[in-house]
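If you read the sequence shown in my numbering, its first letter stands for residue 546, the second for the next number, and so on.
It is worth saying that the hints were derived from the structure and are not from the lab.
Cβ atoms here follow ideal geometry from the backbone N, Cα and C, with glycine treated the same way.
It is possible that some hints are incorrect.
[To be verified] Computed beta-carbon distance windows for the label pairs:
#1 577 <-> 612: 28 to 38 Å
#2 895 <-> 670: 49 to 59 Å
#3 642 <-> 792: 42 to 52 Å
#4 603 <-> 858: 36 to 46 Å
#5 789 <-> 872: 21 to 31 Å
#6 796 <-> 662: 40 to 50 Å
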Amino acid sequence: MSKIRVLHVLYSFDVGGLEKGIATLINNASPEFEHMILCLSHSGESKQLISDDIPIFELHKPPGNSVSFCLKLAKSIYRIQPDIVHTRNWGGIDGAIAARLAGCSCVVHGEHGWDIDDPHGSSLKKKLVRRYLSLGIKEFTVVSQQIENWLENDVRVFRPVNCIYNGVDILSDYCLVEKGSLRKELNLSDSATLVGTVGRLDPIKDQAGLISAFVTIKKKIPQCHLIVVGDGSEKENLENITTDGVHLLGMRSDVMDILSSLDLFVLPSLNEGISNTILEAMAAGLPVVATDVGGTPEMIQSGYNGFLVQPHDYPALIDAQLTYLLNPQLMREHGVINRSVVKEKFTIQKMVSEYESVWKRVVNTFSRS
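Please construct the entire structure, taking both the sequences and the accompanying hints into account.
Okay, structure coming up:
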């Protein structure tokens, strides 16, 4: 039996939760699937997450939209001859049009969240385009119930929407390491308390607000340090506002070890789909303070396994962190709960199985036209 060929179409394959999720899908795929990636723009750092034998195509899209590029994209898809074209987010939605032009009727579109130019998915133009294009899409995938509700009730797409949560491997990838490893690297004492965040350095993640809030925490708990992992457009700005006790580590390949060295994880994003970094922190046994946005409430129940605050509410962000930092027993209890939640709802095996079910269903129901 021939393999089902899945072509993932996205704007680029740089660093981010979307890209990491695709890499995880590919790395854990069933033998009956063959995966390829087509980047409208360029590839990027995330290609290091997958095997060299996974084809990655780059089209180097110029700024703006044009008929000529859509035709170029359609020709590329026609040459590849996939069974499934799975486009992602607004940046990759051109692929839905191009796939139909290329004669591939098995199109799935995924929504993983929004960018800073439309952080709540409220752009009328983009909603109307998505609604119209849904006529040529067989099914949708989303990473949170919040995005599912948005597609069904706000955008009002014409096709089924499947909510598939991101998955992380709590058993092997997140084996906990010695708590002192990061402290040794940074020449900190064993008694230092480490609060951390991981993600691309972008205004929508609001690391700047987290650093500003940390000034108050540092005054109350002098042995506390803030660890910021990631790279991106906000790097220079964050470097300019960094204060005593803040450590900008840049992009790291040992995120799992870093998380295992932390005491508390914080993510003050203005919006999220389902945050991979929150799931990774939960899998590492950390309590979480995060903003009550996107799909985060589907992972964190405030007061049960973390605390949720409103975006830009920095007094609440400070209070939530201090509640944990002044109560180590509560941190441990919520960390244990978080590992249990990941085991129950957010495993890689569950995620892969649900995506592959969608692809099989679409391929078995529709053929190339």
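Hints, one by one, checked against the model:
{"no.": "1", "hint": "577 <-> 612: 28 to 38 Å", "verdict": "37 Å, holds"}
{"no.": "2", "hint": "895 <-> 670: 49 to 59 Å", "verdict": "35 Å, violated"}
{"no.": "3", "hint": "642 <-> 792: 42 to 52 Å", "verdict": "45 Å, holds"}
{"no.": "4", "hint": "603 <-> 858: 36 to 46 Å", "verdict": "41 Å, holds"}
{"no.": "5", "hint": "789 <-> 872: 21 to 31 Å", "verdict": "24 Å, holds"}
{"no.": "6", "hint": "796 <-> 662: 40 to 50 Å", "verdict": "23 Å, violated"}
The structure fails hints 2 and 6 (numbered hints given earlier, in ascending order).
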